[in-house]
Structures are given as structure tokens and as C-alpha cells.
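Heads up: the protein sequence lines correspond to chains S and C, in order.
Using this note's numbering, the letters of the first sequence map in sequence onto residues 84 to 377.
Using this note's numbering, the letters of the second sequence map in sequence onto residues 25 to 311.
It is worth saying that the hints were derived from the structure and are not from the lab.
Watch out, some of these pointers could steer you wrong.
[As the list claims (entries may be wrong)] Quick list of in silico lysine to any residue cross-link-like pairs, SDA-like style, CA-CA up to 20 Å: (1) Lys200(S) x Trp30(C); (2) Lys205(S) x Leu41(C); (3) Lys229(S) x Trp30(C); (4) Lys200(S) x Ala31(C); (5) Lys263(S) x Ser209(S); (6) Lys71(C) x Trp57(C); (7) Lys205(S) x Met191(S); (8) Lys229(S) x Pro69(C); (9) Lys263(S) x Met358(S); (10) Lys205(S) x Leu42(C); (11) Lys229(S) x Arg281(C); (12) Lys263(S) x Ser238(S); (13) Lys263(S) x Pro294(S); (14) Lys200(S) x Leu34(C); (15) Lys200(S) x Trp57(C).
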Amino acid sequence: MTETSLPAATAASTQDLSGRRLNPLAAIAIFGALVVIAGIVLVPILATALGGFKELGELRSNLLGLPHVWVWRNYWGILSGARYWQVLGNSLIIAILTVALTLACASMAAFAFAHLKFFGDKFLLSYLELGLLFPLATGILPLFIKIRDLGLLNSYLGVALPQVAFSLAMSILLLRNAFKQLPSELLDAAMMDGCGYFRYFLFITLPLTGPILSTVAVISFVGSWNGYLLPLVVLNSESRYPWTLGLMAYQGQYNTMWQLVLAFITLTILPAILMFLFAQRYIVAGLTAGAVKA
Amino acid sequence: MSANGWAVVLVFLPPALLLFTVFVALPMAEAGWFSFYNWDGYGRPEKFIGLTNYGYLIGNATFSRALVNNGIIIAVSLLIQLPLALAVAMMVAGRIAGAAAFRMIFFLPYVLADVGAGLIWRYMFDGDYGLVATINGALGLQPYYLLADKDWAFTAILIVIIWKYFGFYMMLYVAGLQGIDKSLLEAAEVDGASSFQRFRYITVPQLGPMIRLSIFFAVVGSLQLFDIVVPLTGGGPFDTTHTMVSFLYYFGITRMRVGFGSAVGVVLFFICVTFAIGYQRIFMRDD
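Could you put together the complete structure from these sequences and hints?
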């Protein structure tokens, strides 16, 4: 925790929602409650990270204390092996494919729906928006058969393409709203100058809607990075496993050696935590705005 | 429309339409079709058995238990998780010391994948190592295997669900709280409204759209819960902790019973879609 200043010292400047000063006792009570909740949230994560530095026997009695002896070989063994890097690499490839294809397909479709009137446009848009209602699990068995018949089983695309398809509804909705909000004079002026829709899309629309594009990218990246059910069904060789499947396989293999499993958990959730710390603004805005605007 | 406009439509729409049709719409329709067959997924579905798969579901104790479990998850989400999220949001939306840091800490579990969070808690709940073992050891008790206890394993899953998701709803409420016009609260205070009255008659109604939205997400998410069950219990002990989707996975997918699994999917589909449409018609019409 970065803010450890005493509550009493800051209570004087503490205000409630309406900007009114809280009385110091209330401020201390609230601060205390928040510290307790933060403890409950952080204890399992910290215990896991610390557990990776301990001997197995120590995990019986020493949950949160520092290790009696810092054991580096649990982490080092994983970091120096190929397995960890392979599952991260697989996750990264799948996530990048998913994000790139989602951005491309969704922005193009959203552009057409935002600016052009054609026969059946309303119908096609509501058809795509049905995706917001459909649970992935319902179609998972037919999806498996389709992917098998297309020869995409055990391939990165076999995971990425359905992920793109399932994120299209939300992405198109967000992007279409943003594209429509660009001033229409821009489009009129560009058309007068003979710009054409394609160049308008590439050189005006996309550069002007960076924030919403990054929101869509964040949503589809996090969804793909954390995905479990789809890769579980599509991928069958461990060399293709993303980290979520790799973690479960590792846990299955070293079932009783918690010190190793804890180190592996810590290392595999580390990229998400680091991304979150460095890009928290984008990630929080992306994940909540996605929910709110849709 | 100009030729240029038509070109855009013909180039820009097909990729999205094709992907959506092949990987979302068709599988949904096929799930309905396959659910009338007894099929192992090879060749073509030929053994038409009518509604037999659905009949199996009605008489299946594990599936009934899974449905009840989904109901419990919804109830806990609405009655414990969302109120907790709102209470915490009220605490961190003001200018309390460290508010920004607290918000980030509470949101953190939401960013972790369910399987990661699930395994972390499997360690916490393990009988020989971790939190439960440490407490039991300190008290001199026998080892206790919470996740193997058929009376309490599901409660353990509920704890993990609250731990992982309350921060997301808190963040939604914080966004809503920050949008409330402060002069409303000030005016009410000048008029002598107590802090409870201000909460009840200004904050909650002003948060209305956000609360309705959070209820929607909580229900739809609860209905589709799967990832977190696998690392914690895998549906055990004695099949007491399944959800609809974990039931679909363990009894449909892993055994390649395409028809039976699809029937489960269709039930899930109707529950989700009925809820989503009904809820939006009734509660979210004006949002």
C-alpha cells in the first residue's frame, strides 16, 4: 500500500460526497473498514506470492510471514524452463490475433452502420447485436464440431476467431456510437473535397476515435488473455496451451507440491497485474465504460 | 447511395457478418437442432430421439442441483455482493485518505483470470496448507478439507465469487456517484435531511441506472459462471457444486454427448435470453 499516512492526520481534509467535511471519528471508522477490506482482498494474493518462496512444510503453518529461508529455486526453476514462456507466448499470440481482428472487423462494420443507409441496414445491425444476448456456452459443442470440420482444431485461429465473433456485438455498438458522434460537417467537407469513404475512414475516423478504439482493444485483450472455456475445448496439445490452461495443467501435475504451484500461479498472473498497474486508467475505464455504454 | 458508398458496404460488412454467422449464430441454432439427437459428434446426427435429452435433464438430480446453485449465486450476488459494492463505493467516492489506492486494490481481483483466482483460493481452503490449515493448526484442530465438505464447498465458491467480482461493481457505482450533482446533496442538507435520508432519496435514485445495470450484469454473469468452479472443486464433492455450464462441460463436452450437452445449452439460452429481454423491457426502458 502506498498511502500509509495516519488517518487522524488526514481526517481534517477528508470530505464526503457532497464536499462536506467528515467528522474525524467517522473518517477514522471508514478508513479502518477500508483497510480491513483491502486486507481481505490482498491476503490471498500476497500469501500466494510469498508461498512460492517457501519450503512446502512451511506452508502448513506460516501463511503470511516472510519465509524463514528464502527459497529461490521454485521461481527460478519455472523462469529458466521453457514451459512458462511458452504458455505466455501462446496467450499473447491468441490475444493479439483477437484484438487485431476485432478492431479491424468491428470498426469497418461500425463505420458502414454509422454513415450509410442501405436496404436492410437496421435488420443487419440488430442481427449482430443479438450477440449481446447469447451465452457462449450454449453454442460450445456445435462450435467445437465446426472448428474441427474447418480444420482449425488445436490452432491459434481456432481460439481467436470465435473470440472475435463473440466480441463483435459489443465492439460494433461502442464504435458505431462513437463514429456517429463525430461532427457530420467533417464527413460533408471531406466528401466535397472528393475524399471518399475509404480514405475518410482511414485518415479521419480512426485517428479521431483513438480512446474508444483503445477501450475496445482493452476489453477484447482482457477477455482473450483470461479466456478459459474456449481454449479448453479447442486446444488439445500442451504446446498450444495459453496460460490459463497451462496453469491448470501444471497444477494437475504438481498437485501436492504447493510451493511450485504457488510460484507458477504468481508468475502467470504477474503480467495481468503489471499491465493493470501501468495502464490502470485505460483498463478501469475500458472495462467499466464498456459495460456502461453498451 | 453513391457507388463509393456501396463499395464500402460490400467491403466493410462481410467480415463481421461472416464471423458472427459462422461462429455465433449458426452454433446457437445448431445447439437447438442437435439437442433432439443422440450423437457423439462423428458423422452426421442421425439418431433422432425427440425431447429425450430434455427429459433426462428434468429427472437429473445433479442438474437440478446445478440450477439451484445458479439461483443461489444470483441471490448472493444481489443481496450481498451488490450492497457491499455500493457501501464500499460510498466510502471510496469521497475524499478519504488513499481513496484512489483503495479503489485500485478492490478492482485488482477482477483483472485476474478466474482460474488464477480459483487456484489461489484452493490454496487458502486446502486442509493441509494455506489459510484454513494455518488457523486449524494454531487452534490445535484436526485438518479440515473445506472444498471436500459437501455441506460447505459451495459456500467456499460463493466467497471467492464475492472476492473476485465486488470490485467491478464498486467501480461502476463510483462512476455513478461521481456523476451525481453535488448541489442536490447540499440543498437537501440545508433543508435538514439526515444522511440516511440523503442516501435514500437522492443518492439511490440518482444511481438508479447504474444499479439497474449492475443487477443485469450480476444475473447474466451468475447464470454463465463456469471458470471459477473448475479450479476450486470441479463440481465435486458428490456433484454438489456444479453450475449449469460446469454441468454442460463435465457431462456433455468431456464425454462428447453432443445432443445432451446441447440440450443443457438450450436451457441456459432460454433462461438467459428470457431474463435479458424481460429485464430490459421492464426495468431499463428509460436508461
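How the hints compare with the structure:
Proximity of Lys200(S) to Trp30(C) is assessed by CA-CA distance (about 10 Å); at most 20 Å being required, the pair is judged to hold. As the CA atoms of Lys205(S) and Leu41(C) are separated by approximately 14 Å, the hinted pair is consistent with the 20 Å bound. Proposed proximity of Lys229(S) and Trp30(C) is contradicted: the alpha carbons are some 32 Å apart, above 20 Å. At roughly 13 Å between alpha-carbon atoms, Lys200(S) and Ala31(C) fall within 20 Å of each other, so this suggested pair holds.
Simply put, Lys263(S) and Ser209(S) have alpha-carbon atoms about 17 Å apart, close enough for the 20 Å limit, and the pair holds. A hinted pair counts as satisfied when its Cα atoms are at most 20 Å apart, and Lys71(C) with Trp57(C) qualifies at roughly 12 Å. Between Lys205(S) and Met191(S) the CA atoms are separated by roughly 16 Å; this keeps the pair inside 20 Å, and the hint holds. For the hint pairing Lys229(S) with Pro69(C), the CA-to-CA distance comes to about 14 Å; that is within 20 Å, so the pair holds.
Only pairs whose Cα atoms come within 20 Å are accepted, and Lys263(S) paired with Met358(S) is rejected, the gap being roughly 31 Å. Proposed proximity of Lys205(S) and Leu42(C) is supported: the alpha carbons are some 17 Å apart, at most 20 Å. Straight-line distance between C-alpha atoms of Lys229(S) and Arg281(C) comes to about 15 Å, which keeps the hinted pair within the 20 Å bound. Restraint check: the Cα-Cα separation between Lys263(S) and Ser238(S) comes to about 37 Å, which exceeds 20 Å; the hinted pair is violated.
For the suggested pair Lys263(S) and Pro294(S), the alpha carbons sit about 15 Å apart, so the restraint of at most 20 Å is met. Of the pairs offered as hints, the one joining Lys200(S) and Leu34(C) holds, with about 13 Å between alpha carbons and a cut-off of 20 Å not exceeded. Straight-line distance between C-alpha atoms of Lys200(S) and Trp57(C) comes to about 35 Å, which puts the hinted pair past the 20 Å bound.
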